[in-house]
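Protein chains in written order, with the working numbering: chain A, 1 to 248; chain B, 1001 to 1289.
Think of the hints as simulated: they come from the structure by calculation, not from any bench. Among the clues, some could well be false.
Capping the alpha-carbon separation at 30 Å, the derived lysine-lysine pairs in DSS-like fashion look like this [claimed, not checked]: (1) Lys195(A) <-> Lys77(A); (2) Lys1164(B) <-> Lys139(A); (3) Lys148(A) <-> Lys1280(B); (4) Lys1130(B) <-> Lys1280(B); (5) Lys71(A) <-> Lys196(A); (6) Lys241(A) <-> Lys225(A); (7) Lys195(A) <-> Lys225(A); (8) Lys225(A) <-> Lys71(A); (9) Lys90(A) <-> Lys1164(B); (10) Lys196(A) <-> Lys90(A); (11) Lys1164(B) <-> Lys148(A); (12) Lys195(A) <-> Lys90(A).
In this text the structure is predicted, and so the values were computed from the model without any measurement.
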Amino acid sequence: MPETATADAPANTAAGGNILQVRNLEAWYGESHILHGINFDVNAGEVVTLLGRNGAGKTTTLKSIMGIIGKRAGSVKFNNQDIIRTSSDKIARMGIAFCPEERGIFSSLDVRENLLLPPVVRPGGLPLEQIFDLFPNLKERLNSQGTKLSGGEQQMLAIARILRTGASFLMLDEPTEGLAPVIIQQIGHTIARLKKEGFTILLVEQNFRFASTVADRYYVVEHGKIIDGFSNAELAANMDKLHTYLGV
Amino acid sequence: MQALYAQLLVGLINGSFYALLSLGLAVIFGMLNIINFAHGALYMMGAFVAYFLLNNDYLSIGYWPALLIAPIIVGIFGMILERTMLQWLTGLDHLYGLLLTFGIALIVQGVFQNYFGSSGLPYAIPDQLKGGMNLGFMFLPIYRGWVVVFSLIVCLGTWFLIEKTRLGGYLRAATENPTLVRAFGINVPRMITLTYGLGVGLAALAGVLSAPINQVRPLMGADLIIVVFAVVVIGGMGSIMGSIITGFALGVIEGMTKYFYPEASNTVVFVLMVLVLLVKPTGLTGRAA
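Only chain A is shown next, with the shape it has when bound in the complex:
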């Protein structure tokens, strides 16, 4: 078993260059040491998935990249700029958007306000018409309180609001968690469409069957480290290993 993905990372097949480079990333929640040296890369235009069991460190990895973990060390380079000491608002303004696992819909805001909350950080964001084309339900619920939406609609809203901002690198944390199969399918179609539009996506998933429909490459996280990595083409050959990693 390789120590890090850099030693075992699949060949970068995507057309774009390296957009995110994570090296020896460590993170702590108070006294708890959660990440123990994470290494991986994401190329422009790719969908890369972090797989792993509960508590492996996948969400903490995303939060560390976004700068919303109290203490972190190592190196995170976005477009060749080290952001390990950058505050989260500045990271967002560099073009990274984060959709949290708990969706983060604000109860004191209606759907329209939730949708328009994140400021446009750079040109190139999707216009509202295109967002409503992707998520027609939202258009009908614009005046509803954000947290009154169904789980699936809240997830759509959480993804939709970061598409407006112009961020080209999206980090989606378990976007299918707790959703009905039909909604999961819709989220899958959306991610595929976003990829076609040129977005780069870093996805955290426990559901690798869903991930396999959208991802170009996978990294497996365990005990705060990347323990394996392979491309979608190598998925079938790695299925047994994957079952062991994920305990399914």
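Once you have looked at the hints, place chain B on chain A.
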């Protein structure tokens, strides 16, 4: 009957100050989670800044510019307090903020008392607002009418800013989840500083409005702030409209009590507070702390 209307007017004026002060407290609590015990001292500073502006030989700045300048000066003082002291209390228990702001209040009041004593300094009503109007059923001093109307406009303007604008949307969202709002690219620490400045500015504005009615005294805020906290508890911490409505309503209730049962006028607000706490501990429109 004239006495009843006169007490109603007094109640509305007191209610104006309660509303402006409790609104500032609600804005600050909503965003910073701090129970700002320095609010009374900052209200007093607003009145003193207006007094200094007017009585300085070189400046001689009158009431109308002071309505804008005093809240800005005291607001900047508040922002310095937030940057240098209050920001370090983020994430700690409410008690720390309460003790720190209580200490700040004592220091500010002590300094002013040291230089100006305890007696009141006069501040004249501006010429345009002198005199009164006979409404038939009562005589209305114009300045007092102005205080009620202007306070109501400022309160509703603040409510509109927070509930109906995009900036207010940022504030409300940051009240719920500041970490996520910051991860959207919004500079939340700067927003917190500005919000504290806004809340403090509202207190200073109330101080300027109060100066011609109550005179300018170092302890003018200390006398008022206990009642204002009772108003905030009744309305509910963090509720904007709740603090406005409760501020005016309790001013009127206090005024009416002065007419119908004067012995209870100083305690009626606190009796109501106890009753509300027994029935609805989060206040009439508030959220849990």
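Numbered hints the structure breaks, given as an ascending list: 4, 5
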